[in-house]
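Q: Spelled out from the first residue to the last, the chains are:
2 protein chains.
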Amino acid sequence: MAKIAVLGYGTVGSGVVEVLSTNKDSIAVKAETSIDIKYVLDLKEFPGTPVENLLVKDYDIILEDEEVDVIAEVMGGVEPAYTFVKKALLKGKSVATSNKELVAKHGPELLAIAKENHVNFLFEASVGGGIPIIRPLNKSLTADEIMEISGILNGTTNFILTKMKNERLDFDTVLKEAQDLGYAELHPEADVEGYDACRKIAILASLAFGSHVDFEDIHTEGITKISQVDFQFAEAMKMEIKLIGRCEKVDDKAFAMVSPMLLSDTHPLSHVDDVFNGIFVQGNVIGDVMFYGAGAGKLPTASAVVADVIDAVKHKGKNIIVKWSSDPKVLMATEEIPVKAFARFADTDEKIELVESVFGSVEWIEGVEGHKGFVTGEMTEGELSTKLVELGQKGLVIENLIRLESKVA
Amino acid sequence: MAKIAVLGYGTVGSGVVEVLSTNKDSIAVKAETSIDIKYVLDLKEFPGTPVENLLVKDYDIILEDEEVDVIAEVMGGVEPAYTFVKKALLKGKSVATSNKELVAKHGPELLAIAKENHVNFLFEASVGGGIPIIRPLNKSLTADEIMEISGILNGTTNFILTKMKNERLDFDTVLKEAQDLGYAELHPEADVEGYDACRKIAILASLAFGSHVDFEDIHTEGITKISQVDFQFAEAMKMEIKLIGRCEKVDDKAFAMVSPMLLSDTHPLSHVDDVFNGIFVQGNVIGDVMFYGAGAGKLPTASAVVADVIDAVKHKGKNIIVKWSSDPKVLMATEEIPVKAFARFADTDEKIELVESVFGSVEWIEGVEGHKGFVTGEMTEGELSTKLVELGQKGLVIENLIRLESKVA
Chain A
3 MAKIAVLGYG TVGSGVVEVL STNKDSIAVK AETSIDIKYV LDLKEFPGTP
53 VENLLVKDYD IILEDEEVDV IAEVMGGVEP AYTFVKKALL KGKSVATSNK
103 ELVAKHGPEL LAIAKENHVN FLFEASVGGG IPIIRPLNKS LTADEIMEIS
153 GILNGTTNFI LTKMKNERLD FDTVLKEAQD LGYAELHPEA DVEGYDACRK
203 IAILASLAFG SHVDFEDIHT EGITKISQVD FQFAEAMKME IKLIGRCEKV
253 DDKAFAMVSP MLLSDTHPLS HVDDVFNGIF VQGNVIGDVM FYGAGAGKLP
303 TASAVVADVI DAVKHKGKNI IVKWSSDPKV LMATEEIPVK AFARFADTDE
353 KIELVESVFG SVEWIEGVEG HKGFVTGEMT EGELSTKLVE LGQKGLVIEN
403 LIRLESKVA
Chain B
3 MAKIAVLGYG TVGSGVVEVL STNKDSIAVK AETSIDIKYV LDLKEFPGTP
53 VENLLVKDYD IILEDEEVDV IAEVMGGVEP AYTFVKKALL KGKSVATSNK
103 ELVAKHGPEL LAIAKENHVN FLFEASVGGG IPIIRPLNKS LTADEIMEIS
153 GILNGTTNFI LTKMKNERLD FDTVLKEAQD LGYAELHPEA DVEGYDACRK
203 IAILASLAFG SHVDFEDIHT EGITKISQVD FQFAEAMKME IKLIGRCEKV
253 DDKAFAMVSP MLLSDTHPLS HVDDVFNGIF VQGNVIGDVM FYGAGAGKLP
303 TASAVVADVI DAVKHKGKNI IVKWSSDPKV LMATEEIPVK AFARFADTDE
353 KIELVESVFG SVEWIEGVEG HKGFVTGEMT EGELSTKLVE LGQKGLVIEN
403 LIRLESKVA
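Sequence order for the protein chains is A and B. With this note's numbering, the residue at position 300 of the first sequence is 302, and numbering never jumps. With this note's numbering, the residue at position 229 of the second sequence is 231, and numbering never jumps.
Quick caveat, the hints were computed from the structure, so don't treat them as lab data. We treat Cβ as the ideally placed atom computed from N, Cα and C, and that holds for glycine. Mixed in with the good hints there might be a few duds.
[What the hints assert, rightly or not] Mimicking DMTMM-like on lysine to aspartate or glutamate, the simulated pairs with C-alpha atoms at most 25 angstroms apart in a straight line are:
1. Lys-251/A / Glu-118/A
2. Lys-117/A / Glu-34/B
3. Lys-316/B / Glu-118/A
4. Lys-251/A / Asp-27/B
5. Lys-389/A / Asp-267/A
6. Lys-396/B / Glu-385/B
7. Lys-251/B / Glu-150/B
8. Lys-240/B / Asp-267/A
9. Lys-117/B / Glu-118/A
10. Lys-331/B / Glu-150/A
11. Lys-26/B / Asp-38/A
12. Lys-165/B / Asp-290/A
13. Lys-331/B / Glu-34/A
14. Lys-325/B / Asp-38/A
[As the list claims (entries may be wrong)] Computed footprint of chain A on chain B; a stretch qualifies when at least three of its residues, placed anywhere within it, have a C-beta under 8 angstroms from a C-beta of chain A:
15. 26 to 37
16. 134 to 145
17. 285 to 299
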């Protein structure tokens, strides 16, 4: 029998308790031993719940209990999660976490401590909720060099974009509705400004490149500027607007970015709608693969945490090696990143020549009344910025700009 | 350094050689040792190729060489693959295979022999080509009870159906073109009659249920009866026609089937087009996940074989447990399987009452000249058959029938 502790009895924590109870028998078969929750750490009381007699407020009780082999950390946030997890690993306890902030900031250090102590630090649930992506990257795509990962990594923004498109509503209206439904936070910046997707792509990029990508190095834009006019142009282009976190190798360099993107409707991510997430991976031999599922939510996320707990139980005393060194991965400067973009401005026919004098030949997108749109050729972000400044100096105000996924047919 | 042998220098075999050469350095990092090919078994000669000095015709040379730790079996077919693989495992060599016939027929026996001999029998490439699906089922979705697996498991038929739809061509024309392109065999029955998909869903169902599903127990229909009229009805219904291999739990029973199905355009599999495969999995806690990628082809399939070789090298002397007992899984009789179906007949208004007298209230599908179509309510396959016979006896000839995926919104 394996004894575990759950840190935090919030949404995911209560999900972990539920999953371990619901599937107790099948989990015991797969873990080759039964898994019992000995403690739940939370400062609140939960009278009448299944955990009321398991609750402790003092983390040291868990830490000092040698019976506890595995800790599920589902509190979120860097502190006190970081301190708790580090202490657990140093005490020879494995940790399964859903905490993307923790993993993005301290992943390589915690992996190294786990290795030294012959235990495991597992974080399948930190990206894509229940979708298996961390383990496939580490264990399945090992014959490949990963050339690109592009993901719809945030369910809240994908719900908002899907609803804006289908119901022709503006951002603020849909955000309000998402907040009422509990899909978006009262302070929605982490989602709508792309910060959540940024931490997740930093984790995926670190695993793809094998060295540490600092999320603070990643140029990140959110979806707050997207409007109905953009969806009208997207429809005219037979494309979809999605918030994409991506990293790519370019020759011997690499970049990462989070921004809204226009995807062709043949791109596997283009049909990933509502709160679902999708993660597209391109390997140099496997070609294109995609992983799809619920990117958040109580039970899907708990499913991934519990799968990691099972793995930790099965690998007691044996570290599963994960290639994520603490050496910083130096990314390309934002200005060097290749880009192809759609831009639009208020309809003034006399500006067509101006645009072409600055951008050369562009593809004009017709069909949206009161606006003109065009798609640039391929250039660098630096060149794009310079040209946009030049347009501004010459009196043309660009209303919005959205990058295009141009690699995949 | 690990030494391996490759059995068969056909499409996949030459892919395995290419992948191990192309990604030699990154593979050595992930396997924690370099992987060298010592032998390639093939009866032909391949002068001027990278393997010309590695070729052997006598399998015993490989079997008796204690330096060879892992064998990649990529010959296909049950014999002599079965004999070769069994001997290898008994000699303490791990095997990675892409051979679905072998795995579907002898999977549990070979897994048991591998376990007894502290080696591994790995078969990621046997389903879905490069798509990671076997390892995620065994290692990632362990917190879940698998309720359903539905897959587009055969790239050839998916290519044919996609082309029939997009170019409004009939089956025979597209099959001919697929044969000319090398996507379909001269004798295409294994693909177009669903036999290939049948073996693959038998493997997936066995892993989902943990006991052996005999592919011969699975009711299997192919795509040869699908015509342009069906695609016109599908368009009117906003649905897609796909060849689906599926297995589902129904209370404490389970069934498996291969047949064309109509999928709603919100179903994650509905946008899996061309030669791509997609595998949809529903767990009782994770909800819906899908895995997408190239389901066949030299390099994608080789990528999965090599990933298994790497896993075998890393787990030298240690069996990775796979739950697939040789106990036969008794499936529901075909007549008991729940079904909802679309059926069509030559347009004769006077038959509407006849259909409703037999099926009760049905949903009529309009918009296809010269034909009438309807969607039945939910019933069993047995009830459906009885009603179709009754219609026939009363003089109504059903031109074609396609089942509907009705569970997923």
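Q: Work down the list of hints and note, for each, if the structure agrees.
A: Evaluated hints:
no.	hint	result
1	Lys-251/A / Glu-118/A	violated, 31 angstroms
2	Lys-117/A / Glu-34/B	holds, 15 angstroms
3	Lys-316/B / Glu-118/A	holds, 19 angstroms
4	Lys-251/A / Asp-27/B	holds, 17 angstroms
5	Lys-389/A / Asp-267/A	violated, 28 angstroms
6	Lys-396/B / Glu-385/B	holds, 17 angstroms
7	Lys-251/B / Glu-150/B	holds, 6 angstroms
8	Lys-240/B / Asp-267/A	holds, 16 angstroms
9	Lys-117/B / Glu-118/A	violated, 29 angstroms
10	Lys-331/B / Glu-150/A	violated, 41 angstroms
11	Lys-26/B / Asp-38/A	violated, 43 angstroms
12	Lys-165/B / Asp-290/A	holds, 20 angstroms
13	Lys-331/B / Glu-34/A	holds, 21 angstroms
14	Lys-325/B / Asp-38/A	holds, 22 angstroms
15	26 to 37	holds (count 6)
16	134 to 145	holds (count 8)
17	285 to 299	holds (count 13)
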